[in-house]
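Asker: On the provided structure of chain A, position chain B as indicated by the hints.
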Amino acid sequence: MSPRFLFAVALSMIGCGASQDDAPRITIGGVELVAPTDWQASDLGGTVRQWTPPDNGRKESLTVIVGPTFLGTSEHALDRVRVAQGVLHDEHMVASTPLVTRAGLVGTWFDVTFAPDSAPGRLYHRSHVVVVAGDHLVHVLYTALDPEPSRAVLRGVVNSLQQGG
Amino acid sequence: MRSPVLKRALLSAAFVVVLVLIIVGSRRSADADDPSPPAGDPLVEPITGEVVMPEPGAETGPLNPFQAPAHDSRDVPVEALSPDEQAYVAAGVDVDGWSDIHAGFASATAQAAAEAAAQAAAHELGIDGLGDVGVVP
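Same order as they appear, the protein sequences are chains A and B.
So the mapping is simple: this note's numbering equals the position in the first sequence, first residue as 1, plus 5.
So the mapping is simple: this note's numbering equals the position in the second sequence, first residue as 1, plus 919.
Calculated directly from the structure, the hints in this document are not laboratory data.
Since this is a predicted model, take the numbers as computed values, not measurements.
Glycine is no exception: its CB is placed at the ideal position from the N, C-alpha and C atoms.
There may be inaccurate statements among the hints.
To be verified - Some, not all, of what chain B presents toward chain A, calculated at C-beta under 7 Å:
#: 1; residue: G1050
#: 2; residue: V1052
#: 3; residue: G1053
#: 4; residue: V1054
#: 5; residue: V1055
Excised from the complex, chain A in its bound form (with noise of 0.2 Å):
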């Protein structure tokens, strides 16, 4: 088997095990999602939506942003997102892992560090998921200065990511 779809297998098992069928939902930029519980939005104009918990002493924020219709194939757009890493002050690429959404998008997830210029002298983590809905690219960033482990808040709303009709 390959690690590909090992992965989205665990991906699409964290997704059954949330339930999240009868969640409301939420459209940005005609992609339908379930936003994170009890987490706080605000919405940063045109198609870009981030969510902080309350208690935030992890520094954590997710954030989405359904990007322009790109040009080229699927492929090639996911290969600029990982180019586009490299904007990111002292990025180091973790990790990178193409994965398959519940709903069957496909994507790639990153695992980045960097030193944000907005918070100078301090390391964060990123797990930013891109997935292709039609001729649009999703971006879920889990941004966090203490990230935790599971990654459960990201993986719930990649997990919910549905293209709308």
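Answerer: Same frame as chain A, now just chain B:
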């Protein structure tokens, strides 16, 4: 007594006649001094001193930068220079450490190119603020 109008007309006519005679005379003198050589003579113009322009076909052409220049009797050997001048020449041909400088420039340009490619990719994907989005300070 003639009328003033007739007198003025006669003066004008005389002025025109004199003007025509002057023009015709100048054209004749110009024809006499025409410098055009007779047909068939070589176009040789006498000059003073030496010719400062090379003859056609005597141009040296572009120099080959990878070929040592031909020896010139006017060249000054390094040994004939003063110690200060010799030190200046020696510093100019000393390439020790140049590889480090070249490596530094190569590394810097490669890094700048990678950053530019990353910024272009982020802009193309609509995620320009990737470096700070979601960061809780």
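Asker: Each of the hints needs a verdict: does it hold here or not?
Answerer: Status of each hint after checking the structure:
no.	hint	verdict
1	G1050	holds, 5 Å
2	V1052	holds, 6 Å
3	G1053	holds, 4 Å
4	V1054	holds, 4 Å
5	V1055	holds, 4 Å
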